[in-house]
Amino acid sequence: MFGAALAFAPWVWLSPFVAQNGAYLTTKWVVAAIILLSILLYGFYSQWRLSQAVLEKRMAVLRVMERRLPKQPPGTRPFTEHEKQLVELFTKVSESPSGVVNAQTLASTLVSVAAVLVPLAVAALVR
Numbered sequence: 035m036f037g038a039a040l041a042f043a044p045w046v047w048l049s050p051f052v053a054q055n056g057a058y059l060t061t062k063w064v065v066a067a068i069i070l071l072s073i074l075l076y077g078f079y080s081q082w083r084l085s086q087a088v089l090e091k092r093m094a095v096l097r098v099m100e101r102r103l104p105k106q107p108p109g110t111r112p113f114t115e116h117e118k119q120l121v122e123l124f125t126k127v128s129e130s131p132s133g134v135v136n137a138q139t140l141a142s143t144l145v146s147v148a149a150v151l152v153p154l155a156v157a158a159l160v161r
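Note that the working numbering has the sequence shown beginning at 35, numbered continuously upward.
If you are wondering where the hints come from, they were derived from the structure by calculation, not from laboratory data.
Just so it is clear, the structure is predicted and the values come from calculations on it, not from any experiment.
Keep in mind that the hints are not guaranteed to be accurate.
[To be verified] Each computed EDC-like pair below joins lysine to aspartate or glutamate, with the alpha-carbon atoms no more than 20 Å apart:
no.	residue 1	residue 2
1	Lys118	Glu100
2	Lys91	Glu122
3	Lys118	Glu129
4	Lys105	Glu117
5	Lys126	Glu115
6	Lys126	Glu90
7	Lys118	Glu90
8	Lys105	Glu115
9	Lys91	Glu115
10	Lys105	Glu90
Could you build the full structure based on these sequences and the hints that come with them?
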């Protein structure tokens, strides 16, 4: 947010002097688009890739644990303490969330986009 405000500061300052200049307007909108695209790429794409990595590792752990689970159907014999712990751990890992893109990620990215749009709106209004 600070970077976006800093990037738009020269446009706010220059706008009374060069408001009708085509290069000024083009450059301002290109910078705004680059900042918004950067926020979306760094905000969502990195979180999505992290979710994919977590999911892959989680599935690998579940496959290893699945091979170690008892093969007898439940109720045929009592589980040993080790087997109980393994079944409990398998259940916890399989029920755990695998993604990191959640409401907090979405909210922080949207706030960042809004923070970029505020200086852009100020620059447009000053013009």
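Hint check:
1. Lys118 - Glu100: Distance ~13 Å between Lys118 and Glu100 Cα, so the pair holds.
2. Lys91 - Glu122: With Cα atoms ~19 Å apart, Lys91 and Glu122 stay inside 20 Å; holds.
3. Lys118 - Glu129: holds, 17 Å
4. Lys105 - Glu117: It holds: about 10 Å lies between the C-alpha atoms, which stays within 20 Å.
5. Lys126 - Glu115: Holds, at about 17 Å.
6. Lys126 - Glu90: Given that 20 Å is the threshold and the Cα spacing comes to 17 Å, the pair holds.
7. Lys118 - Glu90: At roughly 25 Å apart (the allowed maximum being 20 Å), Glu90 and Lys118 break the hint.
8. Lys105 - Glu115: holds, 15 Å
9. Lys91 - Glu115: Violated: Lys91 and Glu115 sit about 26 Å apart, past 20 Å.
10. Lys105 - Glu90: violated, 25 Å
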